[in-house]
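**Q** Sequence:
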Amino acid sequence: MLFAVSTRPRFVSFALIGWLCLAAAHAAEVELSPPVSKTEAASGEPTAVKALLICGGCCHDYQNQKEIISEGLSKSVGPIDWTIIQYAGEREVHADVYQSKDWIKGFDLVVHNECFGGVTDPDFVKGIVAAHVENQIPAMVIHCSMHSYRNSSAADTWRNFLGVTSVRHEKSKQSMLVEPTAAGKSHPVLASLGGENWETVNGELYIINQVWPGATVLATAFSNETNKAEPVIWTNQVEGTRVFGTTIGHHNETMLDPKYQSILADGWKWAMKQE
Numbered sequence: 009m010l011f012a013v014s015t016r017p018r019f020v021s022f023a024l025i026g027w028l029c030l031a032a033a034h035a036a037e038v039e040l041s042p043p044v045s046k047t048e049a050a051s052g053e054p055t056a057v058k059a060l061l062i063c064g065g066c067c068h069d070y071q072n073q074k075e076i077i078s079e080g081l082s083k084s085v086g087p088i089d090w091t092i093i094q095y096a097g098e099r100e101v102h103a104d105v106y107q108s109k110d111w112i113k114g115f116d117l118v119v120h121n122e123c124f125g126g127v128t129d130p131d132f133v134k135g136i137v138a139a140h141v142e143n144q145i146p147a148m149v150i151h152c153s154m155h156s157y158r159n160s161s162a163a164d165t166w167r168n169f170l171g172v173t174s175v176r177h178e179k180s181k182q183s184m185l186v187e188p189t190a191a192g193k194s195h196p197v198l199a200s201l202g203g204e205n206w207e208t209v210n211g212e213l214y215i216i217n218q219v220w221p222g223a224t225v226l227a228t229a230f231s232n233e234t235n236k237a238e239p240v241i242w243t244n245q246v247e248g249t250r251v252f253g254t255t256i257g258h259h260n261e262t263m264l265d266p267k268y269q270s271i272l273a274d275g276w277k278w279a280m281k282q283e
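For the sequence shown, counting from 1, position 180 maps to 188 in the numbering used here; every step adds exactly one.
The set of hints was computed from the structure by calculation and includes no laboratory data. A quick note: this is a predicted structure, and the numbers were derived from the prediction, not measured. Take these hints with a grain of salt, some might be off.
In the BS3-like style, the derived pairs of lysine-lysine whose C-alpha atoms are separated by at most 25 Å in a straight line are [stated by the list, open to error]:
(1) Lys134 <-> Lys109
(2) Lys134 <-> Lys58
(3) Lys181 <-> Lys236
(4) Lys267 <-> Lys281
(5) Lys193 <-> Lys267
(6) Lys281 <-> Lys193
(7) Lys113 <-> Lys134
(8) Lys113 <-> Lys281
(9) Lys277 <-> Lys58
(10) Lys236 <-> Lys179
(11) Lys181 <-> Lys267
(12) Lys193 <-> Lys236
(13) Lys277 <-> Lys113
(14) Lys113 <-> Lys58
(15) Lys109 <-> Lys58
Turn these sequences into a full structure, and let the hints guide you.
**A** Printed below as a string of C-alpha cells:
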C-alpha cells in the first residue's frame, strides 16, 4: 500500500489518497538554526531544493515521523519542495519507487527512513545504491534504514553505502548519552552540541558490527550489552556521494528534541555541501 505526497516550498501539506492526517503541532515545539538555501532566484528569494523522503515498513510511527523530519528540515535549511512516499508496515515491502531506473532524477537529496529488512532481491538493493552513486545524489539515512535489506545477498552493497553494518539493537529502550568523538567535536554536523554530550529523552541503541572505510564516526553511545561505545552519528562518502547517517530516531519525542533537529539540519547541510 503506497501513499505519495508532494509539497510546495516553505510549508508541508500532505494530500493523502483517501485520508488526511496531520500532527503539525509537533513542529512548533522545535527551535532551529537560521535557514540556508541551495540557490537563490534572480529576485534574491531562496529557491526550493527538491527532496524525496521514503518511509514505511516495520516497527515505527512513520505517519508522524515523516512530518517531524520534513517540517523540521524545512524550518532550518530553507525552502524544500518535498515528495514524501510512505509504504505499509511490513518488512517485505519492495518500494515501487525504486522500480523505475530514473527514480532519483530530479531530486537534490533523498532521505531514507525505511525498515524493509525482509527484502532480499539483490538486484533491487544494488539498484538503490547505484542510483545514488551514478547520479551523485546525497542521502540521509535514519534509524531502521540500517536494518533494511539485511537478509539480501547484496546487503554489503547497501551497508557500504550506509557506512555501517548493524543487524540488531539493545533489548531495552532507554535514554542514551551521546558523546562526540574527537572527530565529532570539530565537525560541523555536531556544531549544535558544542563538543558536549547529549542525553536523549528515550532511545533504541543499535549495535554496530562494522564501520565501513568511507565512514567517519562523529558520536557514540555506550552499550551495556556489548560493554563498548556504539557509533550513533557518522558521515560517509561512497565514490564521491555524501551520506549522513544516524541510528537515533526510534521515538518521536527524541526526534522532536531541538538537538536532534539541529543535528539533522547540519547533516543535511553537510550532505548538500552547504557546510
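**Q** For Lys277 and Lys58, compute the direct alpha-carbon distance and say whether it is at most 25 Å.
**A** With a Cα-Cα distance of about 14 Å, the restraint between Lys277 and Lys58 holds, given a limit of 25 Å.
**Q** Given the hinted pair Lys267 and Lys281, is their alpha-carbon gap at most 25 Å?
**A** 21 Å, holds
**Q** Going straight from one Cα to the other, do Lys277 and Lys113 come out at no more than 25 Å?
**A** Holds. Lys277 to Lys113 sits at ~20 Å (cutoff 25 Å).
**Q** Take the C-alpha atoms of Lys236 and Lys179, compute the straight-line distance between them, and say whether it is at most 25 Å.
**A** Holds - the C-alpha atoms of Lys179 and Lys236 are around 15 Å apart, at most 25 Å.
**Q** What's the verdict on Lys193 and Lys236, does the C-alpha distance respect the 25 Å limit or exceed it?
**A** 20 Å, holds
**Q** Is it true that the CA of Lys134 sits at most 25 Å from the CA of Lys58?
**A** Judged against 25 Å, a Cα distance of about 23 Å means the pair holds.
**Q** Could you grab the alpha-carbon distance between Lys113 and Lys281 and see if it respects the 25 Å cut-off?
**A** 19 Å, holds
**Q** Is Lys113 close enough to Lys134, meaning Cα to Cα at most 25 Å?
**A** 17 Å, holds
**Q** Given the hint that Lys281 pairs with Lys193, does the C-alpha gap stay at or below 25 Å?
**A** Cα-Cα ~19 Å, so holds.
**Q** Taking 25 Å as the top limit, are the C-alpha atoms of Lys193 and Lys267 close enough?
**A** Holds, at roughly 15 Å.
**Q** Are the Cα atoms of Lys134 and Lys109 separated by 25 Å or less?
**A** 12 Å, holds
**Q** For the pair we were handed, Lys113 and Lys58, check the Cα-Cα distance against 25 Å.
**A** 10 Å, holds
In summary, this structure violates none of the numbered hints.
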